[in-house]
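The chain contents come next:
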Amino acid sequence: MCGLFKTPAYAYITARVRARKRKLIPKETYPKLLNMQLPEIIRFIEESEYKKDVDELSAKFKSIDLLEHALSRSLGASYRKLMDISRGEVNYLITEYMRRWDVWNIKTVLRGKYYGASEEEILNCVVSAGELHYPELELMVKKESIGDVIASLEHTPYYPVLTNYEGGMLNKIEDELDSLSYTRLLDAVGGSPGEKFFLKFIKTEIDIKNLKMLFRLKKAGVEREHVQNILITGGLELKESDLTRLSGLSFPELVHSLDGYSYWRSISDVVSDKMTTLMDVDTKLDAHLMNYASQISHYYPLSILPVLDYVLSKKIEVDNLRVIARGKELKLADEIIRSHLVM
Amino acid sequence: MVEAEAMGLIALGAGLAVGLTGLGAGIGEQSIGAAAIGAMAEDPKFFGKGLLMTVIPESIVIFGLVVALILLFVF
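So the protein sequences, as listed, match chains A and B. For the first sequence, position 309 matches number 308 in numbering that gives the first Met the number 0, and the numbering has no gaps at all. For the second sequence, position 16 matches number 15 in numbering that gives the first Met the number 0, and the numbering has no gaps at all.
Read the hints as simulated data drawn from the structure, not as lab findings. The model shown is predicted, which means the values in this text are computed figures rather than measured ones. Be a bit skeptical, because a hint or two may be false.
Straight-line C-alpha distance at most 27 Å; calculated DSS-like pairs for lysine-lysine [as the list claims (entries may be wrong)]:
| id | chain 1 | residue 1 | chain 2 | residue 2 |
| --- | --- | --- | --- | --- |
| 1 | A | K5 | A | K208 |
| 2 | A | K22 | B | K48 |
| 3 | A | K5 | A | K20 |
| 4 | A | K314 | B | K48 |
| 5 | A | K238 | A | K80 |
| 6 | B | K48 | A | K273 |
| 7 | A | K50 | B | K44 |
| 8 | A | K195 | A | K208 |
| 9 | A | K5 | A | K26 |
| 10 | A | K26 | A | K208 |
| 11 | A | K238 | B | K44 |
| 12 | A | K238 | B | K48 |
Listed next, with one range per pair, are the computed distances between beta-carbon atoms [unchecked claim]:
| id | chain 1 | residue 1 | chain 2 | residue 2 | range |
| --- | --- | --- | --- | --- | --- |
| 13 | B | K44 | A | G259 | 49 to 55 Å |
| 14 | B | L51 | A | K330 | 40 to 46 Å |
| 15 | A | E39 | B | G27 | 44 to 50 Å |
| 16 | B | L51 | A | K171 | 43 to 49 Å |
| 17 | B | L51 | A | L138 | 19 to 25 Å |
By construction, the Cβ of each residue, glycine as well, lies at the ideal position given by its N, Cα and C atoms.
Sequences are here, hints too, so could you generate the full structure?
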């Protein structure tokens, strides 16, 4: 009976996200964008769904910076809209999923304060997509010191973690904030069939985040103890024992020990123990996650899954447009830009 | 007396036929209506299709009404 009343809420939000997903740039358009010059790409984006954001920011920024900020702003606005138009259980799940942007913003503000960046510079890097609204972020940025920023977050769930900060480098609390957002999310997910797949997706996402970190840290030759502190537990295939084992391996050993996991199929053609760049692995892992979200979005049409698919597709669209624009600006070969696109 | 009881039962059946089909249509329409409004909010061009889809469960009420009329006027 309870599900009977939940269904309209899901029907409304899923209809909206499916309509929104149809408006995203189809992957067939990316090769066309690669054939364009930077001014043409900017014009294409100005005439697309990003028009409003580009128009509003055009007085403040120019060229590629305008594009970057318009894309970030559109991403934040899209995610906030999802929180505004949903209610009940679906709103709760979206809000918990979007906490990663709160963590992103808190990390950005703390890093900005740590390195003495100006208020404007910090505000240009925040994406107001989480529970913390833009005015709250503005107030945070106006604080004098890191201690004041932390004190201003007293009413948030991040405060207990932030109080562990004892000065110096921020990496420890940054890792703890990441873990907190995933722990909260894992706890928030219920037991309905759609949510079971949502939980599986989050665990896959944790695995992929851990894999990306393992590749980076092992490539840099970081020791097991440091690696273990950074990795997030709660993954689907990479359990705590796997993480302990993998974090003690060298880079070539890590590469050879991954063939037992399902992710290997997605990355096997770009991974080798002599690889110089990790960008291809990141791209392949992101594509794996996007395809998985797209696949499960059809399993339970009236659930959080179509929303998740849209959220991920929107993020990937913004990232792809950014890669194309930045790549064109730096005059990179089309093949290099194409290899960094998640499709 | 028996005839009056039969008439009462027929009237009750007719009432149930319309009432229950109305309830079923309402349950069906709540999700379809919500989805139609969601689609229209994103693109007003969905108005025609949304309206059509929303009223499709109404057909079951018409069946209920026909059954009720048959009960009341044929038996």
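So, going through the hints one by one against the coordinates:
1. Among the hinted pairs, K5 of chain A with K208 of chain A is inconsistent with the structure: their alpha-carbon atoms are about 32 Å apart, more than 27 Å.
2. With a CA separation close to 19 Å, the supplied pair K22 of chain A and K48 of chain B stays within the 27 Å bound.
3. Our distance criterion of 27 Å between C-alpha atoms is met by K5 of chain A and K20 of chain A, whose separation comes to about 22 Å.
4. Annotation: proposed proximity of K314 of chain A to K48 of chain B is violated, straight-line Cα distance about 30 Å (limit 27 Å).
5. Distance restraint check for K238 of chain A and K80 of chain A: the Cα-Cα separation of roughly 35 Å exceeds the 27 Å cut-off, and the hinted pair is therefore not satisfied.
6. For a cut-off of 27 Å, the pair hint linking K48 of chain B to K273 of chain A is broken: about 57 Å separates their Cα positions.
7. With a C-alpha separation of about 21 Å, the suggested pair K50 of chain A and K44 of chain B falls inside the 27 Å cut-off, and the hint holds.
8. Proposed proximity of K195 of chain A and K208 of chain A is supported: the alpha carbons are some 20 Å apart, at most 27 Å.
9. Among the hinted pairs, K5 of chain A with K26 of chain A is inconsistent with the structure: their alpha-carbon atoms are about 33 Å apart, more than 27 Å.
10. Straight-line distance between C-alpha atoms of K26 of chain A and K208 of chain A comes to about 24 Å, which keeps the hinted pair within the 27 Å bound.
11. With a CA separation close to 49 Å, the supplied pair K238 of chain A and K44 of chain B exceeds the 27 Å bound.
12. Between K238 of chain A and K48 of chain B the alpha-carbon distance is near 48 Å, which puts this suggested pair outside the 27 Å criterion.
13. At roughly 50 Å, the beta carbons of K44 of chain B and G259 of chain A sit within the given window of 49 to 55 Å.
14. In this structure, L51 of chain B and K330 of chain A break the distance hint of 40 to 46 Å, their C-beta atoms being roughly 53 Å apart.
15. At about 49 Å, the beta-carbon gap between E39 of chain A and G27 of chain B stays in the expected band of 44 to 50 Å.
16. Distance hint for L51 of chain B and K171 of chain A: a CB-CB separation of about 58 Å, inconsistent with the stated range 43 to 49 Å.
17. In this structure the hint that L51 of chain B and L138 of chain A lie 19 to 25 Å apart at CB is violated, the actual value being about 49 Å.
Consistency with the previously given hints fails for numbers 1, 4, 5, 6, 9, 11, 12, 14, 16, 17, ordered from lowest to highest.
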